[in-house]
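Novice: Here's the letter readout for the chains.
Number of protein chains: 2
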Amino acid sequence: MLSKNQLKYIQSLHQKKYRQHHGAFLVEGAKSVQEVLQSNFQTELVVATEAFYKENVHLTDRQRTAVEIVSEAELTRAGTLESNNAALAVVRTKENRPLLAQPDEIALVLDDIRDPGNLGTILRIADWYGVRKILCSETTADVYNPKVISASKGSFTRVNWWYGNVVQVLSQLAGTLPVYGAFLDGADVHTLPFKKSGYLVMGNESNGIGPDLARYITQPVTIPRYGEAESLNVGIATAVLLDNIRRTTA
Amino acid sequence: MLSKNQLKYIQSLHQKKYRQHHGAFLVEGAKSVQEVLQSNFQTELVVATEAFYKENVHLTDRQRTAVEIVSEAELTRAGTLESNNAALAVVRTKENRPLLAQPDEIALVLDDIRDPGNLGTILRIADWYGVRKILCSETTADVYNPKVISASKGSFTRVNWWYGNVVQVLSQLAGTLPVYGAFLDGADVHTLPFKKSGYLVMGNESNGIGPDLARYITQPVTIPRYGEAESLNVGIATAVLLDNIRRTTA
Numbered sequence: 059m060l061s062k063n064q065l066k067y068i069q070s071l072h073q074k075k076y077r078q079h080h081g082a083f084l085v086e087g088a089k090s091v092q093e094v095l096q097s098n099f100q101t102e103l104v105v106a107t108e109a110f111y112k113e114n115v116h117l118t119d120r121q122r123t124a125v126e127i128v129s130e131a132e133l134t135r136a137g138t139l140e141s142n143n144a145a146l147a148v149v150r151t152k153e154n155r156p157l158l159a160q161p162d163e164i165a166l167v168l169d170d171i172r173d174p175g176n177l178g179t180i181l182r183i184a185d186w187y188g189v190r191k192i193l194c195s196e197t198t199a200d201v202y203n204p205k206v207i208s209a210s211k212g213s214f215t216r217v218n219w220w221y222g223n224v225v226q227v228l229s230q231l232a233g234t235l236p237v238y239g240a241f242l243d244g245a246d247v248h249t250l251p252f253k254k255s256g257y258l259v260m261g262n263e264s265n266g267i268g269p270d271l272a273r274y275i276t277q278p279v280t281i282p283r284y285g286e287a288e289s290l291n292v293g294i295a296t297a298v299l300l301d302n303i304r305r306t307t308a
Numbered sequence: 059m060l061s062k063n064q065l066k067y068i069q070s071l072h073q074k075k076y077r078q079h080h081g082a083f084l085v086e087g088a089k090s091v092q093e094v095l096q097s098n099f100q101t102e103l104v105v106a107t108e109a110f111y112k113e114n115v116h117l118t119d120r121q122r123t124a125v126e127i128v129s130e131a132e133l134t135r136a137g138t139l140e141s142n143n144a145a146l147a148v149v150r151t152k153e154n155r156p157l158l159a160q161p162d163e164i165a166l167v168l169d170d171i172r173d174p175g176n177l178g179t180i181l182r183i184a185d186w187y188g189v190r191k192i193l194c195s196e197t198t199a200d201v202y203n204p205k206v207i208s209a210s211k212g213s214f215t216r217v218n219w220w221y222g223n224v225v226q227v228l229s230q231l232a233g234t235l236p237v238y239g240a241f242l243d244g245a246d247v248h249t250l251p252f253k254k255s256g257y258l259v260m261g262n263e264s265n266g267i268g269p270d271l272a273r274y275i276t277q278p279v280t281i282p283r284y285g286e287a288e289s290l291n292v293g294i295a296t297a298v299l300l301d302n303i304r305r306t307t308a
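Residue numbers (our numbering), protein chains in the order written: chain V, 59 to 308; chain C, 59 to 308.
To be clear, the hints were calculated from the coordinates, so they are not data collected in a lab. On a predicted model such as this, the values are computed, not experimentally measured, just so you know. Hints are not guaranteed to be accurate.
[Stated by the list, open to error] One side only, chain V facing chain C, incomplete, derived with CB under 7 Å:
id : residue
1  : LEU290
2  : ALA297
3  : VAL298
4  : ARG304
5  : THR307
[Claimed, not checked] Here are the simulated lysine to aspartate or glutamate pairs, EDC-like style, with alpha carbons at most 20 Å apart:
id : chain 1 : residue 1 : chain 2 : residue 2
6  : C       : LYS62     : C       : GLU113
7  : C       : LYS89     : C       : GLU113
8  : V       : LYS205    : C       : ASP173
9  : C       : LYS191    : C       : ASP162
10 : V       : LYS89     : C       : GLU102
11 : V       : LYS89     : C       : GLU130
12 : C       : LYS205    : V       : GLU140
13 : C       : LYS205    : V       : GLU196
14 : V       : LYS75     : V       : ASP162
15 : C       : LYS89     : V       : GLU263
16 : C       : LYS89     : V       : GLU286
17 : C       : LYS89     : V       : GLU288
18 : V       : LYS191    : C       : GLU288
19 : V       : LYS89     : V       : GLU153
20 : C       : LYS112    : C       : GLU126
21 : V       : LYS205    : C       : ASP162
22 : C       : LYS191    : V       : GLU263
23 : V       : LYS205    : C       : GLU126
24 : C       : LYS254    : C       : ASP270
25 : C       : LYS191    : V       : ASP243
26 : V       : LYS112    : V       : GLU140
27 : C       : LYS66     : C       : GLU113
28 : V       : LYS89     : C       : GLU196
29 : V       : LYS191    : C       : GLU286
30 : C       : LYS205    : V       : GLU132
31 : C       : LYS205    : V       : GLU263
32 : V       : LYS205    : C       : GLU140
[What the hints assert, rightly or not] Partial pick of chain C residues on the chain V-facing surface, computed with a CB cut under 10 Å:
id : residue
33 : ARG150
34 : SER210
35 : PRO278
36 : ILE281
37 : ARG305
No residue lacks a Cβ here, since even glycine has one placed at the ideal position from N, Cα and C.
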């Protein structure tokens with residue numbers, strides 16, 4: 059059972075300001091909790107139903123993680139999911155370390171991606187396509203938002219991110235690596251020969267890539283359209299672009 | 059202002075059984091209502107704020123559509139969106155007519171896609187890639203669900219669908235057209251030469267393509283993975299597959 063203070067602490071992590079204050083975030087649901095316990099994230103506490111605990115005691119024991127056994131109702135009250143019959147974990151956030159694309163590496167740059175569901179989906183897509191580094195503008199949704207963690211389906215444990223001044227980072231590349239960016243009038247990604255190294259910039263859901271960043275795009279790219287939809291969702295576009303990059307450079 | 063009966067009728071259309079009973083569904087938000095008024099769907103009634111009505115009176119006049127002017131609060135109460143400051147439309151559903159892929163045409167087959175958001179996204183992707191026909195298993199989410207209509211971002215006006223026994227349809231093709239289906243161990247879509255005509259089958263979010271349908275897949279296909287994510291969301295996978303089909307056959 060959770061103490062009043064534990065419950066209050068866990069519920070405070072629903073909000074960004076308390077996640078930042080405490081340096082901790084929530085991971086919810088059976089699969090995500092199992093994944094985080096097997097990752098290099100440091101777990102403070104697992105709150106679990108008895109059934110989940112019994113099945114996963116080898117994972118919590120290995121890390122000597124503190125565990126509280128609770129009812130489904132208590133678990134659901136503590137977390138953000140509509141229902142949770144398994145577990146949640148309180149996990150330490152990581153240090154915000156700068157990331158740069160290395161030779162033979164494609165890194166993602168997110169310019170003001172606002173929707174947590176989109177950000178989580180992008181983490182999952184990055185993980186599928188072997189992209190390990192995501193540079194996020196400070197206005198991008200908080201990666202530790204429970205909706206992002208949940209939508210990433212465990213991929214948050216395998217992808218690294220940095221939040222900061224992405225315009226500055228790209229301005230300092232000075233043409234050393236290509237910077238691809240999705241625009242309406244760029245090169246056709248079905249015929250463009252992509253390089254093995256560089257950055258792929260994805261812009262805001264409504265406004266695309268901002269003008270400050272657009273200056274540093276060395277290669278605008280476009281997904282050809284065969285019908286009439288006005289646009290593709292940013293997660294969908296990220297997947298199609300990475301698929302095109304991988305197929306021409308792998 | 060809406061009468062009690064009008065409000066009750068509109069709210070009943072939140073539910074599938076009443077949509078089926080009345081042969082009508084809801085289209086919500088400025089952009090979607092504008093699109094449906096310019097499509098070949100038959101609109102019974104537009105419920106709009108004064109501001110929306112003034113800006114779009116040319117659209118409602120052209121179709122001689124009945125209009126009710128309401129407050130934002132009244133509009134939001136009638137519909138399903140968290141907030142709506144523009145309009146909703148009550149639109150007649152279409153007859154459920156069988157669809158078959160014609161020469162040089164790719165049609166989509168959806169086997170038990172349960173999530174309305176996924177279905178709406180798939181409509182939008184189909185529209186982007188010029189796919190005009192979607193055959194849905196009877197267990198697939200209702201395309202007239204307001205969440206589907208909303209997630210399709212207007213693409214529901216340009217894509218046709220049929221709900222029925224998709225197993226039977228595919229069983230009767232007898233090898234005349236290829237039937238592509240996404241599996242974990244299919245042909246690599248980066249190297250497979252796709253045909254210009256055929257069916258692309260997408261399966262349930264958790265279980266993939268069911269065994270009854272799997273028998274009729276003539277070409278299993280797989281999106282190559284470069285990282286460690288277990289899977290891609292079905293909407294993402296649909297986009298990547300259609301992108302690969304279009305680039306090799308266009």
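Novice: Among the hints numbered above, which are violated by the structure, and what are their numbers in rising order?
Specialist: Failing hints, ascending: 5, 6, 10, 11, 13, 14, 19, 21, 22, 23, 24, 25, 26, 27, 28, 30, 33, 35.
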